[in-house]
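S.K.: Residue numbers (the working numbering), protein chains in the order written: chain A, 0 to 337; chain B, 0 to 337.
Among the hints, a few may not be true.
Intra- or inter-copy, both count: the list cannot distinguish identical chains.
Stated by the list, open to error - Distance condition first, Cα-Cα at most 25 Å in a straight line; then the derived DMTMM-like pairs of lysine to aspartate or glutamate: (1) Lys58 - Glu102; (2) Lys109 - Glu263; (3) Lys114 - Glu327; (4) Lys114 - Asp43; (5) Lys207 - Glu273; (6) Lys114 - Glu246; (7) Lys207 - Asp304; (8) Lys114 - Glu102; (9) Lys207 - Asp279; (10) Lys114 - Asp276; (11) Lys258 - Glu47; (12) Lys114 - Glu143; (13) Lys58 - Glu291.
No wet-lab data here; the hints were simulated from the structure. Predicted model, so just to flag it, every value in this text is computed and none were measured.
The chain contents come next:
Protein chains: 2
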Amino acid sequence: MGVVVPLRETRTEPASIQNLVELTAEGMQAVNQVILDKAGSNVDLIPEIANHLISSGGKRLRPMLTLAMADLFGYRGTGHVGLAASVEFMHTATLLHDDVVDESDMRRGKLAARKLWGNQASVLVGDYLLGQAFKMMVDVGSLEALNILSSASAVIAEGEVMQLGAAQNLATDESRYMQVIEAKTAALFAAAAEVGPVVADVEGAGRKAARDYGMALGLAFQLVDDALDYGGSAADLGKDTGDDLREGKITLPVILAIKRGKPEDRAFWTRCLEERDVRDGDLATAIRIMDETDALADTVTRARDFGAQALQALDACPEGPLRDALGEAVEFCIARVS
Amino acid sequence: MGVVVPLRETRTEPASIQNLVELTAEGMQAVNQVILDKAGSNVDLIPEIANHLISSGGKRLRPMLTLAMADLFGYRGTGHVGLAASVEFMHTATLLHDDVVDESDMRRGKLAARKLWGNQASVLVGDYLLGQAFKMMVDVGSLEALNILSSASAVIAEGEVMQLGAAQNLATDESRYMQVIEAKTAALFAAAAEVGPVVADVEGAGRKAARDYGMALGLAFQLVDDALDYGGSAADLGKDTGDDLREGKITLPVILAIKRGKPEDRAFWTRCLEERDVRDGDLATAIRIMDETDALADTVTRARDFGAQALQALDACPEGPLRDALGEAVEFCIARVS
Chain A
0 MGVVVPLRET
10 RTEPASIQNL
20 VELTAEGMQA
30 VNQVILDKAG
40 SNVDLIPEIA
50 NHLISSGGKR
60 LRPMLTLAMA
70 DLFGYRGTGH
80 VGLAASVEFM
90 HTATLLHDDV
100 VDESDMRRGK
110 LAARKLWGNQ
120 ASVLVGDYLL
130 GQAFKMMVDV
140 GSLEALNILS
150 SASAVIAEGE
160 VMQLGAAQNL
170 ATDESRYMQV
180 IEAKTAALFA
190 AAAEVGPVVA
200 DVEGAGRKAA
210 RDYGMALGLA
220 FQLVDDALDY
230 GGSAADLGKD
240 TGDDLREGKI
250 TLPVILAIKR
260 GKPEDRAFWT
270 RCLEERDVRD
280 GDLATAIRIM
290 DETDALADTV
300 TRARDFGAQA
310 LQALDACPEG
320 PLRDALGEAV
330 EFCIARVS
Chain B
0 MGVVVPLRET
10 RTEPASIQNL
20 VELTAEGMQA
30 VNQVILDKAG
40 SNVDLIPEIA
50 NHLISSGGKR
60 LRPMLTLAMA
70 DLFGYRGTGH
80 VGLAASVEFM
90 HTATLLHDDV
100 VDESDMRRGK
110 LAARKLWGNQ
120 ASVLVGDYLL
130 GQAFKMMVDV
140 GSLEALNILS
150 SASAVIAEGE
160 VMQLGAAQNL
170 ATDESRYMQV
180 IEAKTAALFA
190 AAAEVGPVVA
200 DVEGAGRKAA
210 RDYGMALGLA
220 FQLVDDALDY
230 GGSAADLGKD
240 TGDDLREGKI
250 TLPVILAIKR
260 GKPEDRAFWT
270 RCLEERDVRD
280 GDLATAIRIM
290 DETDALADTV
300 TRARDFGAQA
310 LQALDACPEG
320 PLRDALGEAV
330 EFCIARVS
């Protein structure tokens, strides 16, 4: 396990993204307008499904990263708005396809689109949003930003395929798990942050710092998500707790619990995850084993390590209220689980 | 119905794309190498599925259009190879997602990927190929080509969603059908052809001619495909005849047969297409009604009209063996059904 690196204690109030929200409010209003425009289509089903997801109130953390990083590195144009909207569309397309792949019933506390309109429409509307995302990027006209975001698009899909291969396979180890979450989640955070300095024509250390920040934040975010699936309430998370167990996903809490648990627990994990036979009370059993083995606590510790890395990367970014707000966003992502 | 416009009779041998294949052979060898390279991934499932489709021997008509048009308009660089490979990846991604949406069992005479690896992997590997396609386009570096192909990507998905909405709906009319096939099929043919002059820095009439050729060819191609679904043998087509009937797809042969058929036939179409209750002998009944109403013959006539439009568009392109070969490709696409 990684070493516990405490987060910097710069403030006593609970962690919040309020400052980031306020500092990017004007840009996000423009992003939201672009999103509504570009999710439109003469084909009724498309805006219907897109709006269902878009209006269901995600935090829009990823496009905020793009806006904040562009601003932080001195960008004064409007191209960052199109890139931020592209990032959100890429994310939304991934959610639509993920729900089909995971056979999920809920998304952000509402019925998943696939439950309302079917798997077929979810696949195709996801494809449409991805196409629109690339069109928006092209409109911005930065080949380097296109390079970053199209690479992320391929890497995300690669991560999802990797996750599919790792599912129901108890032999999946920590290093494989880290590869999966870096690809399926952190790569988009990293790209969202990196295109900020890129659109501002900032290369070198600044660009690397933005990317490192996004990557570390994305890893922390996913680790916390995976801990919450065994800990938070469904209401908080906007999805059903225990989803990962039911779907046979091998996440870090499970990997640690198996590695450290009693040999006799193994049959339990095999039945739940490999045989996909999850019964009443199994989630409670899983959480009990995770408590006994410090699996959840150490997953959060790992998230804190990456949070500290994200803050360290910020040190190489220009000072100011936006940098502080990006620092608070790290604490916010991790505090969801504390 | 459109007027019958006979295709120019320039040769007596059966229509063939042999000349197009030979004239683009060197470039296509490079395209095939790029396809194999870019379909690679450390995640085993990705090359496995990609190679299944790629090696299953489609004609690669779309990337050949890109190579031929670039060459025809005097391009002497290597960027057309990357664009052609991108076009084929976009097409392959669409096939993977289509098979999931249509619940198809066969593709090009082989088991569909989704039957071998599951819907989940088909969705995700399609996403991966789409991401790789955009990466390749970015590498070529033409923002205009990126614009054309990303727009096509969104339009294709829009067409597929439209088709989903029109399926099982007997009220779908000819104009709606034409919108669907223009978006889902012809838009990629048009884009594949248009990026040829674009990468050669040719604008204006030449660029428009290439696009018009591709669009008309794509429409002819899809009309013939839709006729073949009620006429060709499964072996010729590489898919099951009668698929469209079983899937409740409202194609032109059906639209014409319903419009011109006896009122008492309507119950038959309602049962097959709206209620999706297709029984033994229904395909034969459908074909009999289509014969009685000239529905298949007039679908082919419509294809010939668009074929003539494609040839007309070619008149505005530079003369030479490549232009002749592109003309033969039109006849080849239509001759599949004659």
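S.K.: Work down the list of hints and note, for each, if the structure agrees.
M.R.: Structure-based check of each hint:
| no. | hint | in the structure |
| --- | --- | --- |
| 1 | Lys58 - Glu102 | within (23 Å within a copy, 35 Å between copies) |
| 2 | Lys109 - Glu263 | neither (38 Å within a copy, 45 Å between copies) |
| 3 | Lys114 - Glu327 | neither (36 Å within a copy, 47 Å between copies) |
| 4 | Lys114 - Asp43 | within (18 Å within a copy, 31 Å between copies) |
| 5 | Lys207 - Glu273 | neither (40 Å within a copy, 56 Å between copies) |
| 6 | Lys114 - Glu246 | both (17 Å within a copy, 21 Å between copies) |
| 7 | Lys207 - Asp304 | within (19 Å within a copy, 56 Å between copies) |
| 8 | Lys114 - Glu102 | both (9 Å within a copy, 17 Å between copies) |
| 9 | Lys207 - Asp279 | neither (47 Å within a copy, 64 Å between copies) |
| 10 | Lys114 - Asp276 | both (22 Å within a copy, 24 Å between copies) |
| 11 | Lys258 - Glu47 | neither (45 Å within a copy, 31 Å between copies) |
| 12 | Lys114 - Glu143 | neither (38 Å within a copy, 38 Å between copies) |
| 13 | Lys58 - Glu291 | neither (33 Å within a copy, 59 Å between copies) |
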